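Protein chains: 2
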Amino acid sequence: MEKKKRTEIAELGEFGLIDRLTHSFAQGNSSTVAGVGDDAAVIAPEEGDVVLCSTDTMFEGVDFDLTYFPLKHLGYKAVTSGVSDILAMNGTPEQITVSLGVSSKLSVEALEDLYEGISFACREQHIDLVGGDTKASMTGLVLGITAIGSAKKEQVVYRSGARKHDLVCITGNLGAAYMGLRLLEREKRVLEDVGHPEPQFDGYEYLLEKYLKPRPRTDIIEALASEGIVPTSMIDLSDGLASDLMQICKASKCGARIYLERIPIAKQTSALAEEMHTDPVVAALNGGQDFELLFTVPLSMQEQVMRLGLVDVIGHITDESTGCFLVTPDGSEIRLKAQGFPEKE
Amino acid sequence: MEKKKRTEIAELGEFGLIDRLTHSFAQGNSSTVAGVGDDAAVIAPEEGDVVLCSTDTMFEGVDFDLTYFPLKHLGYKAVTSGVSDILAMNGTPEQITVSLGVSSKLSVEALEDLYEGISFACREQHIDLVGGDTKASMTGLVLGITAIGSAKKEQVVYRSGARKHDLVCITGNLGAAYMGLRLLEREKRVLEDVGHPEPQFDGYEYLLEKYLKPRPRTDIIEALASEGIVPTSMIDLSDGLASDLMQICKASKCGARIYLERIPIAKQTSALAEEMHTDPVVAALNGGQDFELLFTVPLSMQEQVMRLGLVDVIGHITDESTGCFLVTPDGSEIRLKAQGFPEKE
Chain D
78 MEKKKRTEIA ELGEFGLIDR LTHSFAQGNS STVAGVGDDA AVIAPEEGDV
128 VLCSTDTMFE GVDFDLTYFP LKHLGYKAVT SGVSDILAMN GTPEQITVSL
178 GVSSKLSVEA LEDLYEGISF ACREQHIDLV GGDTKASMTG LVLGITAIGS
228 AKKEQVVYRS GARKHDLVCI TGNLGAAYMG LRLLEREKRV LEDVGHPEPQ
278 FDGYEYLLEK YLKPRPRTDI IEALASEGIV PTSMIDLSDG LASDLMQICK
328 ASKCGARIYL ERIPIAKQTS ALAEEMHTDP VVAALNGGQD FELLFTVPLS
378 MQEQVMRLGL VDVIGHITDE STGCFLVTPD GSEIRLKAQG FPEKE
Chain L
78 MEKKKRTEIA ELGEFGLIDR LTHSFAQGNS STVAGVGDDA AVIAPEEGDV
128 VLCSTDTMFE GVDFDLTYFP LKHLGYKAVT SGVSDILAMN GTPEQITVSL
178 GVSSKLSVEA LEDLYEGISF ACREQHIDLV GGDTKASMTG LVLGITAIGS
228 AKKEQVVYRS GARKHDLVCI TGNLGAAYMG LRLLEREKRV LEDVGHPEPQ
278 FDGYEYLLEK YLKPRPRTDI IEALASEGIV PTSMIDLSDG LASDLMQICK
328 ASKCGARIYL ERIPIAKQTS ALAEEMHTDP VVAALNGGQD FELLFTVPLS
378 MQEQVMRLGL VDVIGHITDE STGCFLVTPD GSEIRLKAQG FPEKE
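First to last, the protein sequences are chains D and L.
Heads up, the first sequence is in the working numbering, so the first residue is 78 and it goes up one at a time.
Heads up, the second sequence is in the working numbering, so the first residue is 78 and it goes up one at a time.
Some clues are possibly wrong.
Here are the simulated SDA-like cross-link-like pairs (lysine to any residue), alpha carbons at most 20 angstroms apart as the crow flies [claimed, not checked]:
(1) L/LYS229 / D/GLU123
(2) D/LYS230 / L/MET378
(3) D/LYS230 / L/GLY125
Residues of chain L clear of chain D, computed beta-carbon distances all greater than 12 angstroms [what the hints assert, rightly or not]:
(4) GLY90
(5) SER176
(6) ASP190
(7) GLY305
It should be emphasised that the hints constitute simulated quantities derived from the structure, not laboratory data.
On a predicted model such as this, the values are computed, not experimentally measured, just so you know.
Note that the Cβ used here is the ideal one computed from N, Cα and C, for glycine as well.
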C-alpha cells in the first residue's frame, strides 16, 4: 500500500489551512453576496423570501467513529444533515458554513478528504460554502454545520401546523441507517479480534450507504412544489420516527395514530435485523439518522400525495388528548416514546 | 457554603434540557419570524437588507479553562464573539443560535449558569435566541455560536475595501484581554500550591473584565452611523492587531504603517506587563480577544472620526508592495507577523 504524504496542520497555520481547504469552492447562488474570507457571510434573499438558518454539530465518539467512517463520507453526511433541516421547513438550501475542531492526530490530507466530501455534496446540492472557522480541539474531531436557505414566507412549513384528520406521510424507508450503524459496529468488534480484516458487508450495501452517505430528500420538496402541495407540518427524521412524530404532535398540540404494517422498511433492513435477532420496527421507530421527511397533509390531498409515488401514508392526526400510538395488525395500541422500546398499554 | 442542587442532564433528556434552558428567552426583533423549536429559524429581513451570518466555536481546554472561567461569563463572552463579527460588517446583530456539546460532568444547574450569561447578553444587546442543538460530548464543553444580523446592502463593510492613504483606526485599547488571561493563568498556578486560595486581582479588575466579560462595540457602529461614516474596511480584533491588520491588507491588496506610540494600551495592561516582565506592545499585537474594532476611513474623514472621541488613528494604508510595518519612536520599522514576536528588519 502506498503511503500518502502527511502534512501537519501546524505547518500551514489556521489561515493557511482554511485557504487550502476552501480555495476550490465556487459560489453559484444568486443570494450569496459574499462568503468565506470575511467576518460574516452576506446573504441577499429575493424579495418576499425569508432566510432559514439551522445549526448542527457532530462529535467524534458520539456521532461518528472514525475507525469505520471515511472522512469523505462524513463531510457529505454533515452537509446532508444541514440541508435536511432546511428542506424540512419546505425551503431551498443555498449556503453552509463549516466549523471544525481538529485534533493534531489528523493530517492536512485527512481534512482534505473531509472537504472533498463537503465539496461533492455542495456541488450536487447547489450549495455555496460561505464561511466557518477552524480551531484546535483537545480531543476528537468536532464538525459544526450551519445551513442557510430561503423560502417564500407563506410557504414555510412549521412543525406546528398539523390538524386533526391530517394524513401522516413518510418518504423512503426507515431504520436502514440505524441497521447500517449496527453492521459497522459488529464488523468493528469482529475485526478487532483477527489479523487479516475482511469485513462482511455483502448484501447490505444499501444499509451502509444510508448510514455513511445519506442523500437529502430535495426531490420530495421539488415534487411537492410541482404538485402545489404545501404540507401542514413537516420535520426531518433525524431522531427516529417516534421521537420526531412526537415533536410534531407537541408543536401542533395534537395526537397521532400510525399503523405498524404501513411503516416502510427496506428488505436489507429486515434481513439484517433478522440476522441480528432484533426487531426492524424498533430500528424504524428509534434508530434515527434516516434524513427522510415526515409530514402531514389534509385528508383531502390523499390522492395528490399518493400520485407522487414517493410517499407512504402511515397514519393520521388525532386529538391531543388521545396521545401518540402505534397500532399493530392485531389492533393493539402501543404508546410511542421518544427513546427506547415502546411499551404496551 | 451552601451546596447547590445538582440535576444530572440525563434526568431531563435532550429535549427537556433545551426546554429548561431556553423557556425564559423572549423574542423582540421584528426580523425574527420563528426561533427555537423547529428545524430551522426563520428570519425575514427588511426590504433591501442583506442577512449576515457568522459562526464561532469555543472549546474547553483551548479557548477557555473552566477552573477560572465562570460559566455565566463564558455565556456572555460567546454572545459577544458572535455579535462582534456582525458589527465588523457594519451590521446590526439580531439573532443567535447556540450549539452545545456537554460532558456529563456538567450539571443542569451549571448549564443554567451558562444560559443566564447568554440570556443577559441577549437582553443587553437586543438579540433573539433562535435555535441550536445540545449533544453529549465525550470530553469537554464545546460552545458553538451562529450570529445573524442585517444591514443595508450598500452599507456592508468588507475587509477588502481599504485604499492607499486611508487612515487605520482602532477603538478602545489593546492587549487587556490577553493580560487578563495571563493574570488568571498565574493565579491558577499559585493557587494549585496553597491550601487557602485567595487570588490577588487587586488593581487588575479591568483586565479580568476585558478577558472574562468583553462588551461588543455596538456603540461604535451606532456612532459611525450617526456621523454618516461608512468605513472602507473593517474587522474585529479577535486574533490580535498584527494578524487582523494583515487580514485587511491581504483582502484589500495593500500594505500599512502603524505607529507604536499611537497604539492605545490601558494603564492596567502596562502595569501588569511590567510586573510580569513582558512587553505590553506584544500583548496588543498578538494577544487577541479584545473584540475592539479595527477599521479604515479615507484621509478626508480624519476630523469626523476624531470627533467621535471613541477612536484612535494609529497609522495609514500604503501600497501592497511596501508590506505591513510597525514604526517605533526611533524610526525603526518592524515587519508585522501574524503570530509570535515581531522581528526587526
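Going down the list of hints, with the structure as the test:
no.: 1; hint: L/LYS229 / D/GLU123; in the structure: holds, 14 angstroms
no.: 2; hint: D/LYS230 / L/MET378; in the structure: violated, 42 angstroms
no.: 3; hint: D/LYS230 / L/GLY125; in the structure: holds, 16 angstroms
no.: 4; hint: GLY90; in the structure: violated, 7 angstroms
no.: 5; hint: SER176; in the structure: violated, 5 angstroms
no.: 6; hint: ASP190; in the structure: holds, 21 angstroms
no.: 7; hint: GLY305; in the structure: holds, 22 angstroms
In the structure shown, a violation is registered for the earlier hints numbered 2, 4 and 5, in ascending order.
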